[in-house]
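Asker: Letter by letter, the chains look like this.
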Amino acid sequence: MAGARRTKASYMDDLLQEFLTETNESLDTVDVELVRFEQEPNNAKILDNIFRLVHTIKGTCGFLGLPRLQKLAHAAESLMGKFRDGMPVTGEAVTLVLSTIDRTKDILVALEKTQLEPAGDDNDLIGALDKMALQAAAQPRPIQPGQSVGTLVHQILERTLRPGEVTLDELERAFRETPGPATQPAKAMPAKAVPSKPAPSKPIPPIPAKAPAESDDEERSDGKTANQSIRVNLDTLEHLMTMVSELVLTRNQLLDIMRRHVESDFKVPLQRLSNVTAELQEGVMKTRMQPIGNAWQKLPRIVRDLSAELGKDIELEMHGADTELDRQVLERIKDPLTHMVRNSADHGLETRAERIAAGKPEKGTIRLSAYHQGGHIIISIADDGRGLDTARIREKALANGLATEAEIEKMSEAQIHKFIFAPGFSTAAKITSVSGRGVGMDVVRNNIDQIGGSCDVNSVRGEGLNFTIKIPLTLAIISALIVEAGGDRFAIPQLAVVELVRVHAKSEHRIERIKDAAVLRLRNKLLPLVRLTTLLKFDSGDAAPERGFIVVTQVGAQTFGIVVDGVYHTEEIVVKPMSTMLRHIGMFSGNTILGDGAVIMIVDPNGVAQETGATVAANTLIPDQAAADTGRAADTTSLLVFRAGSPAPKAVPLSLVTRLEEIDGSTIELSNDRHMVQYRGQLMPLVRINDDVRIKSEGTQPLLVFSDGGRSMGLVVDEIVDIVDESLDIQVGSDRQGILGSAVVRGQATEIIDVGHFLPLAYDDWFRGGERVVHQSARTLLFVDDSAFFRNMLTPVLKAAGYEVTAVAGANEALSLLKSGGRFDLLVTDLEMPGMDGFALAEAVRDEANLAGMPIIALSSYSSPESIERGREVGFHDYVAKFDRQSLVAALKEQSAEMDRAA
Amino acid sequence: MTKKTDTASEQFTEYVTVIIGDQLFGLSISRVQDVFIPDRLTKVPLAPPEVAGVLNLRGRIVTAIDMRSRLDLDKRASGQPVMAIGIDLRGESYGLLVDAVGEVLKFPDSACEAKPANLDPRWARVASGVIRLEGQLLVVLDVDRVLDMRKRAIAA
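Chains as they are written, first to last, in numbering that gives the first Met the number 0: chain S, 0 to 902; chain E, 0 to 155.
Chain S with its partners taken away, still in its complex shape (with noise of 0.2 Å):
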């Protein structure tokens, strides 16, 4: 044999090559049909395929002088002839046969590297094997003594290894032929002796990668599928690939220069190559699709040794096993879903004991599952454990430094679960040799963002935890949007576009700048802003974004805007990796070749975001503003810091603030003993904080504008500081007028202003005069108003009163709040809002048994006698006004004191 192979080393080789190639693919199926024969031991065909596919792997190894390969194939032939013999199969079985497929793999890693059999014996399994084999002679059913048939096979193989070869197709029938297990198995054995040998280079049928968890797929095993389907190299297909994105740029180059020519006789038939080349680029595109069942093919097998080696009872389902995607990003997840599943297994499922304990059901379950959803493809790995461990998580996050003792408390649960994303985190609390190898989720999370995917966690603590990943279908072309920044053109990934804004001077959406950095206040929310030019270093960033597009961009939960110099169009590019030299940087995921041929880079908007997190990480560490809008009050607030008229800092809650404008100080008037300048065509009155404040009669003025039901007042400070989030806790309150009290903000004593003191400063009828407060011990209130203004504006009256506040936006989001345990002191309401209104929250508060006794106060912007005698009917215990603050916080003085009273 050796010297066959030395005659004919090229011819060889390419046969060593296929060999590899299919006897791994088969081994792969092994394995599958293995674990499937186990559970359904009586299921013949599978027991047929899987003789079949071993059967000619050790025909292969003859024929191409692999003794030792053969040898053990032989050996758990022998075994599983056994098995359609009508032998019990038994878990230690098919170990055995598994362990000896693993064996064949280390041997075929081997010949691979060296092109030969590695040295040594395998004669532990084999006899482990053998021994197994005689065991059933000694079963109920000895019909044939074990190791006489497996020599007679042996010797036949032998002799008959290159000449005479039979068709597989003759195999097949013979196979067919054969009865199942425990009819007629005397003649089962010769008749499969016989045809010992399929011609080697006819390819063994790739079995296509199915879910063990359906059984409707037997049939598809048979030759007539794979007859359909060849067998392509893989450097074919991405050489093809290639060459179909050389054809697109080619195409994308010619369509750019026909735009040029209106008319022109090229336009049809150009037409045609454009049409005819979309099509083939799909086509392509479909010969790298695989079924993403292909990287679930191992699984099976391992959860089941897991299963063993954990004495957990596990059940793997896999729904959706034929979604399809590109092979290059099937490769890029196999790894990670490994992992993952691992995870799922040694982690996230208990014991057995401790299932029954907790009242489920003894087998647990993971479930992968697959399918598309626009353009991309959800897969989720979910299992019926025990949850995560958010006490851990906490732990751990606070040991490992991710985060401080103060920003964990403000954390949901959700939030804190996504740190098992960061590097290094495992909270297995013992290492053990399933998972907890030190890699962690966050290889996972690498893994996955590398082929612009995303990662999502959710927990229930005792129920379960659910992975999706969400991954683009390809990597190789995608539509991309064109655009300009410092004169040279670049592309971002449509996949990350939200929406564009186009930004100038006098649009409705304008860019905001709180000193360094720019935001934009799009649909009541502020959204941190990062000049292109700024991230790659064209400029230095101080110059004042004015005008220019905004492509608001997403991701994950991550929402900013990359404000771009202009914006070109849509493209379908063929993504091209950056040169190793330049795949440091972090901002581009790759380069293009456009239509025009130019090279332009592609901008990476994980790492835009990366970015961003750095320079705006006010905005994007706490994500206040999802809180915000289920109106649950975040328990940050973002302040503005300033100052005015001292050096000491002072900070006003930003969203209480409507914008922030510089004016020139020569346009101020001074008209009726009052500063007003001229402001969006009307007189807005200008107040000072105190009057250590100078108005300026030159240069620039910054002013913080206030609006409210078309009124804007504009406070004059002396310099804007910096925008932060901190939760407000006002620890000291203030006598002084306008002055709420002083909190600890970016670690210096601040002072917080009232606004609501300043505004009836420039319009007497807005609010009345500001009221002292006293801090009081920490009462709990829930606060309810519908519009964010007032919300705003009261909260920080209403801790300032000494109450810890909760603000929602509805009654409803109040109600389920308080039905769900959260526990209250006082409420205190709006009576006209949309959908549920004050009164009825009342009167569903009062429903609650539990609830009862709460005091409830009614804000409201008018006070009519029938209004107020129905707010005693529900209940209420004080009716206040809304912009009466001195009342308000009078009314909440006085519930305390009833408290205190009842305590």
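No wet-lab data here; the hints were simulated from the structure.
C-beta atoms are modelled at their ideal positions from N, C-alpha and C, and glycine is treated no differently.
The reader is advised that the hints may include incorrect statements.
Said to hold, decoys possible - Just a few of them, taken from the derived set where beta-carbon distance is under 10 Å, the chain S residues facing chain E: (1) GLU245; (2) THR249; (3) ALA277; (4) ARG488; (5) PHE489; (6) THR532; (7) LYS575; (8) PRO576; (9) LEU581; (10) HIS583; (11) MET586; (12) ILE599; (13) MET600.
What the hints assert, rightly or not - Just the calculated beta-carbon pair ranges, DEER-fashion: (14) ARG121/E <-> LEU239/S: 25 to 35 Å; (15) THR579/S <-> PRO120/E: 23 to 33 Å; (16) LEU397/S <-> LYS42/E: 49 to 59 Å.
What the hints assert, rightly or not - Chain S residues, not near chain E, derived (Cβ > 10 Å throughout): (17) GLN38; (18) GLU323; (19) ALA390; (20) PHE420.
Mind docking chain E on chain S? Use the hints.
Answerer: Chain E in isolation, oriented as in the chain S frame:
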């Protein structure tokens, strides 16, 4: 490595000669893929200073390395002609920007002498030896070292 021709007992190597600044350099011809005039160079923001940009050469994206910058020479005056030597490294295409490309010269390997101790250290990093010509020195560039900019990239 380098293409060797066996004549008698001597091994010969052919060099593509290029001029960078005022100095003559040689690159082993076996490493040179093609010579081209760089066109439509796209700057790569945030790239190491040696990377002049990227360009499209017959559908391939080529990373252009400015050899003047790589060798710490003065910047090329604008309008001055520039040529590029195409190099393939591990499946990626690079273009070394030089001032001019000269003829291909063949030398016996024995003609290539060790780098003089006093060779500018910035050049010594990327040179594998020197060849004495009539009236001038030809510095033989080691393409792998020229393209190995890891240390530089980190420092930058």
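Asker: State for each hint whether it applies.
Answerer: Each hint, compared with the structure:
With 10 Å as the threshold, the beta carbon of GLU245/S comes within range of chain E, its nearest partner Cβ sitting at about 5 Å, so the hint holds. Below 10 Å, beta-carbon pairs count as interface contacts, and THR249/S has one with chain E at about 8 Å; its hint therefore holds. Taking 10 Å as the C-beta contact cut-off toward chain E, the hint placing ALA277/S at the interface is violated, the least distance being around 19 Å. Using the Cβ-Cβ criterion of 10 Å, the hint placing ARG488/S at the interface with chain E is satisfied: the shortest such distance is roughly 9 Å.
Hint status for PHE489/S relative to chain E: holds, with the closest Cβ pair at about 9 Å, below 10 Å. At about 9 Å, the closest approach between the beta carbon of THR532/S and any beta carbon in chain E falls short of 10 Å, and the interface hint on this residue holds. The interface hint given for LYS575/S holds, since its Cβ lies 5 Å from the closest Cβ of chain E, which is under the 10 Å cut-off. Checking PRO576/S against chain E: minimum C-beta separation of about 9 Å stays under 10 Å; hint holds.
For LEU581/S, the shortest C-beta to C-beta distance to chain E is roughly 6 Å, which falls under 10 Å, so the interface hint holds. A distance limit of 10 Å between C-beta atoms decides the matter here; for HIS583/S the minimum to chain E is near 6 Å, and the interface restraint holds. A distance limit of 10 Å between C-beta atoms decides the matter here; for MET586/S the minimum to chain E is near 6 Å, and the interface restraint holds. With 10 Å as the threshold, the beta carbon of ILE599/S comes within range of chain E, its nearest partner Cβ sitting at about 6 Å, so the hint holds.
Interface restraint check: MET600/S against chain E, minimum CB-CB distance 6 Å, threshold 10 Å, status holds. The supplied range of 25 to 35 Å is broken by ARG121/E and LEU239/S, whose beta-carbon atoms lie about 45 Å from each other. At roughly 25 Å, the beta carbons of THR579/S and PRO120/E sit within the given window of 23 to 33 Å. Our hint of 49 to 59 Å for LEU397/S and LYS42/E is violated, since their Cβ atoms are close to 45 Å apart.
Even its closest Cβ contact with chain E, about 46 Å, leaves GLN38/S beyond 10 Å, as expected for a residue assigned away from the interface. In this structure GLU323/S is separated from chain E by more than 10 Å, as the shortest Cβ-Cβ distance comes to about 28 Å. Separation of ALA390/S from chain E is adequate, the least Cβ-Cβ distance of about 41 Å exceeding the 10 Å criterion. No beta-carbon of chain E is positioned within 10 Å of the beta-carbon of PHE420/S; the least distance is around 26 Å.
Violated hints for the displayed structure, listed by number in ascending order: 3, 14 and 16.
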